[in-house]
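Engineer: Using the sequences and the hints, build the whole thing.
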Amino acid sequence: MNTDDLIREALFKQADRAPAPGPTLAALRRPQRRRRAPLFIAVAVTAAVLAAIALTVTRPVVETAPPATSTTAPAPSAPSLDARLRYRPDWLP
Amino acid sequence: MSRSFEDFAAAEVTPMLRYATVLTCDAQLAQDVVQECLLRAQQKWQRIGSLDAPAAYLKRMITNEYLSWRRRRAAKDVAMSHAALDVVGGQAVDDVGRYDERDAMLRRIAILPRKQRAAVVLRYYDGFSDDEIADVLGCATVTVRSHISRALTTLRAAEKLEEAL
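So the protein sequences, as listed, match chains A and B. Numbering of the first sequence is given in my numbering, commencing with residue 117 and proceeding in unit increments. Numbering of the second sequence is given in my numbering, commencing with residue 1452 and proceeding in unit increments.
Hint data in this document are derived by calculation from the structure and do not stem from the laboratory. Take the hints with a grain of salt, since some may be wrong.
[Said to hold, decoys possible] Where chain A lies over chain B, by a calculated footprint (3+ residues, C-beta under 8 Å):
#, segment
1, 1469 to 1476
2, 1488 to 1499
[Claimed, not checked] As a list, the in silico DSSO-like pairs of lysine-lysine whose alpha-carbon atoms are at most 30 Å apart:
#, chain 1, residue 1, chain 2, residue 2
3, A, Lys-129, B, Lys-1495
4, A, Lys-129, B, Lys-1611
5, B, Lys-1611, B, Lys-1566
6, B, Lys-1495, B, Lys-1566
We put the CB at the ideal spot given by N, CA and C, even for glycine.
Structural biologist: Shown next, in the form of structure tokens:
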């Protein structure tokens, strides 16, 4: 028998040793766990969006100084407070 | 219209298992590989089922799974099952004790490098042309010819050595 025929016969003999298809088909019918990666990514993206929104909403508003023609009495100046704050709190007594 | 995955699996699982058993030289590993590929195909059946030749696509999946690094790592840890070892490491005798040349050849095929083994299986078991083998393995046709040439050189040399001994 030449080598090519011998190889062919050997491979077909090995193929006859294949397992029965039953267990493989049974495994396909079992309910499969869904992969977690897409859910994890969705949760991470949602959390990132919510964090961005939260930062935007709670960011302190920088107020400009009241105009000179304003009728409201100016708040007593507090040099030390103004020095620390970036805006003039006009609601202080 | 594409058929259902269940119909496809029922019709193709036996040929796939036979192919994988020849490719891996290990029936248990063959079952694992086929099962894993079918499970992945089941999840993507809407796309795979609409292909012209879903069976050919699954064959490529099985071949790539066999050649992939994960299987290579698994093979390092547990080389072969006992049944596979009996085939490739045993006396190569058949049921009545005669020297079985086919098992001796299987033993030589089993120790070929994976890509050479895959090329040999696709050529001699499936009857694929060099171009078809190149398509499955994802390489050039000239590379396929190189794999088969080296494999045949190895197999013939081993055969002559065994005959001489």
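Engineer: Next step is simple, just say for each hint if it's right about the structure.
Structural biologist: Structure-based check of all given hints:
Only when three residues or more bring their CB closer than 8 Å to a CB of chain A does the claim for the segment 1469 to 1476 of chain B stand; here the count is 6, and the claim holds. Under the rule that three or more residues need a Cβ within less than 8 Å of chain A, the assignment of the segment 1488 to 1499 of chain B holds, with 4 such residues. A distance of roughly 33 Å separates the Cα atoms of Lys-129(A) and Lys-1495(B); the hinted pair therefore is violated under the 30 Å criterion. Between Lys-129(A) and Lys-1611(B), the direct Cα distance comes to roughly 22 Å. Compliance with the 30 Å bound is thereby established for this hinted pair.
The suggested pairing of Lys-1611(B) with Lys-1566(B) holds, with an alpha-carbon distance near 23 Å, which does not exceed 30 Å. For the given pair, Lys-1495(B) sits about 27 Å from Lys-1566(B) by alpha-carbon distance, which is consistent with the 30 Å threshold.
The structure fails to meet hint 3 from the earlier list, while all remaining hints are met.
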